[in-house]
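*Asks:* Chain by chain, the residues run as shown.
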Amino acid sequence: MNERMPHLALHFLGPPLIELQGVPAVIVRRKAVALLAYLAVTKRRRPREHLANLFWPEGDATKRAGSLRSALWELNQSIGDEWLDADRASLGLRAGASLWVDVDRFQQLLAPPRAAGGEREAARPAPDLAHVTEAVALYRGDFLQALNLRDCLEVVQWQSSQAERFRRQVITVLSRIIVDLAEAGEIAPAIPHAERLTRIDPLNEEAHRQLIRLYAQSGRRADALRHYEACAALLHDEIGAAPAEPTRRLHEAIKANRDVTRLFVEPEASPFDARPPSSGVALTSAADHHRSADLPAPMTSFVGRESELAILAQRLDDPSCRIMTLTGLGGAGKTSLALEIARRRAAQYRDGVRLASLAAVSAPGLLAGALADALDLPVSGAEPIEQRIAEQLRGKHLLLLLDNLEHLLGAVALLPQLLARAPGVQMLVTSRERLHVHGEWELAVEGFPVAAPGARDDRCRDAIELFTQAASRADPSFTLTAENEPILARVCRLVGGMPLAIELAAAWISQLLPEEIEAHISADLDFLVAPRDAPARQKSLRVMFTHSWSLLTAQEQSVLRRLSIFRGKFTAAAAADVASASPSVLAALTGKFLLRRDPSRRYELHELIRQYAGEALVDAPEEHEQAHDRHADYYAALLHRLRPGLDGAGQGAVIEVIAAELDNIRTALRSALARGRLAPMAQALDGLGLAQEMLGHFHEAEALFGDYVTAARRASPPERLLLGRLLAWQGHFALEIAELPRASALLEESVQLLSSQGARAELGFALSAAGKLAFAQGNYTAARWCFRGSLAMARVEHDRRGFAQVLSDLSNVAFHQGNFAKSERLLLKSLTIFRALSDRRSVAASLGRLGFLFGFQGKLAPAEEACREGLRVLRSVGDPLRTAALRLDLGRVLFLRGDLDGARAAYEEGLRAGREMNHLEVVAAALHGLGLLSRREKELDRARSLLEESLQIRQQIRARRGVAESLEQLGALALEAGEIDRATRSFHAALAAATEAGATAVVLDAVLGLIELRGPARRGPPIRDVLAAIAEHPMAEPGTRARAGILLGEPGPRQPTTSPTPLATLIAAVLPTPQEDVHAAEDARRRAGAR
Amino acid sequence: MRPKTLGAVLAQDDETPDAPKLEQPPILIVDDDAGIRKSLATLFKDRYTVTLCASAKEGVDAVHEEICAVILDVRMKGHDGFWACDKIRQKHPDMPVIFYSAYQDLKDPYRIMNEHRPFGYLTKRGEASELVETVDMAVRLRKMVLYNQRLVEQVKQERGRRA
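Chains as they are written, first to last, in my numbering: chain A, 1 to 1091; chain B, 1 to 163.
It should be emphasised that the hints constitute simulated quantities derived from the structure, not laboratory data. Just so you know, not all the hints are guaranteed correct.
Now the stretches of chain B that chain A is said to cover, found in silico as 3 or more residues with beta-carbon under 8 Å [to be verified]: (1) 112-123; (2) 141-148.
Below are the DSS-like pairs computed for lysine-lysine, each with C-alpha atoms no more than 25 Å apart in a straight line [what the hints assert, rightly or not]: (3) B:156 - A:822; (4) B:45 - B:124; (5) B:124 - A:829.
All residues carry an ideal CB built from backbone N, CA and C; glycine is no exception.
Using the sequences provided together with the hints, build the complete structure.
*Replies:* Spelled out as structure tokens, the structure:
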């Protein structure tokens, strides 16, 4: 968070979080949140009608307008009415508002620093590491993660494109940080970045390799070897492949204890280059200042088009040609031509070439934002985005390539406006239609020239060359001969020379002779190209798909239809199960350009092909339903199969596998829900719940299980067991997201249902969650009994893991009741069981608790050791919540040991993780820790700000112990600052909250604080008795006991007693009569003045 | 396989899972002011089975294990609410007691909290919703305690029989 707290902070990189004056605002309507994000990120004022149509596409105009009004009403209610500037016609964020948006900050941090004196970009310094590290920390997850907007497609598309953009940026930046740090010899600091990268991009084998190398270089050989195993397991499970040769070599080198330093800079041919070229966020000054690297690498060698290239070069050489549009049909090769001329001319532009790929930009209103993205424009401030784009372009000499603009024609008036203010900029546009803007030049791109019937065939040279290239890829034995050339020329003519159609036709060469290809296309075109007034080439792509389809075997057709059910990438194993796709069929479809395989051997359908195949699937209703069912069943079974692995030694690798499949898992379970099928969820539930917990997806999981709960309630016949299990998981996640009343109701119902079903294991889980809830509410009696009930179920079920878990929970209760010996005994017992089960995350959690317990008792060295061991254990597991909790425990221990830098690092890391997960309890605890640090360093204002922020969160989530703790620290801070009234108020409030929550340690701290307020003159014998009682109270922290001893003038600390003075006696002694209160205040003021 | 003994632990009518039928848990209201008794009975009658008592002694006698929460006036003729609380706790240590007092009592709130450990301490001038919320939470937690006590006992007996 910035030092100067903004009034309204909008966090969209991850699950959305809106903070007003540092306090999370509750906005119920998801579309209200999305609307705020849209206005904040696009930075434009929008017509109301546009927004209403965008966000509420269903219903009539009146209803849409009403929905928009409701969303605005809620926004104004939640964050106040000073942020939105709405009139009858339009809406935007108010200019000049004190607004902080994480996306703005993210872009700002990653932008190359502005050079002084108009230096060229190439000479600019790179953003420094601190900026980049801050940017990476801001990235808590995907843009607007877990915000489900499925009923407004255009907004979803916008959200997806933004999410992908930011994800790409953070991956690029992480890759660069790692390499730069490693090359500078900063191995240990590079490791957390490498770990993060492997989490964000789990199938990036190079990233895994980097991490393994870094572990080895930092002397963590065992971690390096373990990570190799995890990586190998992931590759095997995910894509059925072994690690690549460089990874294996690295592994061998580490096993043999050879130096791996050299291997770090060894150039390796890898699909995942550690230094991605396409970066608007280059850390180091780009040597290739012409930015030609921003253009995607061509998939195949460019063929022909020399006359078009010559024309384009000539026109772009003309300074009066400011906007050049390549028009033509889909599949005519406009994009390839534009990219080729851009590549050839990149060096001629001082500021290079920038590409804006606009196919995924869903509405004209989003054009400006897409241009800003292409220019890596930091979007901050209240100026309209168009103005900032114009300012960015002014003085630049660059070529701006706008690809696929035809669906955004409603916004093209912006282009000449920008050009008017940027004389050094040229625009090269591809569009199916002319833009009809002032100053536009047009080049119509048609298919390759093809010979007219009867003419000489050499006019087809380029088309035939393309055919030959593509055919050679499909069948390496294919060669162009004098015999087949005329036939190929006719084929090319039949498809109008359209490059995409030629490539698809060429792929058939492995099955058909050239003359057969010609015959098939001829027949299909005669049949399909009707009515006569439709341009033949416009139909060519579908014709080619249709014909490609007809050439498939029935089995291949069936497979391709079913594959359209997948979203994103999938493994061969999934394809086999869901679509009965054998390796040979997958190979055949890949060879025919109908399926793609990425370098990591995962498969994906081109979106257009998926769409065509999807249409075919819908036409086969039985197969359609079956495909959905098999898709859901496959991923449910996968989760079920992987569930045991989440407990054991390989849980880190298993969770990575699940994370990589989440898109399909989500689709599968949502699709099953929409079809009223609950069986897949019944099978997936435990694996999914545990995986989502380990991944920190609490909000998403709570929402999904909530939807299933609704469905299970309506099921006929009643699904009581499933409903009980779903309620338990939903309650568990409601507790994690601090929705305590909801969690309470859900868990109560769950216990009732599971009990009536005799589902003992599931009941044990629900009771454990209910115990945690009661504990969070400070009700130790109910917590203890719930845990004991859960323990009983674990016993009868012989569930060792559940048994150990409850022992750990009960140790927590024992601790808060002052029974440290029992607490330690229970913890050590649970630790032994978890270790025997190789359950690393539970081992780590128990170690964290042990560290806390030792720390509380002043055993700081073993406390630190326990926390660090816990973190080491967690490294291979990647459980963000437990990792964050352990970091906070470690921070506290380091703070007590006086290692303030170490404590700060631990708290800041915990804070980042808490924000990434949107876990308010973790965030509040981290802020509290940082507040203590600032207080120790005499930065009292900062300390107050942090502690107050922590207090507000804890009040919001009704964490009573935490509230008491924050109030007590605020009292201590006020006392230190000489603010006597404030200190008195805070200590009294802390005393009340701590008494209510049964937080004895905080009660003692607050009592001591009130005594310190009195001053020495008013510490008579009764007060000295209280001090003595605190100095030996077993529930007082060592620091508190020491302070009491100092006030007594004793030389050393007392040992804790086993029979402490009742709290009520201590409190009664320090609570003054009203008259004493006045004296105390005066006395304290005098002392403060003297100080 | 559903074990016979376990199902009996928490006998619930759950024929319709979409609207879980929870029997109305019993609560006890102890106040020597008839008007207060009547208004509290009205407040809670739709949620709980309410037993009304007009004195501390009567309240102590009426408490039994199934009671889920006790709302106690502090100042009453004869014994006061603190006396009643201590007596109730002697027999039912985990019984949630909520003090509901019209006046600032002689004891300070901290002393009350530490000596008697009530589930809540509310004044009659406060919002009724606050009282309802406190009682709801107390009942919910009490039910959980009772349920788990029986469950643990049941398992113990089962294991004993097997042994």
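*Asks:* Does each hint fit the structure? Answer for all of them.
*Replies:* Now for the hints, and whether the structure bears them out:
no.	hint	result
1	112-123	holds (count 3)
2	141-148	holds (count 7)
3	B:156 - A:822	22 Å, holds
4	B:45 - B:124	18 Å, holds
5	B:124 - A:829	48 Å, violated
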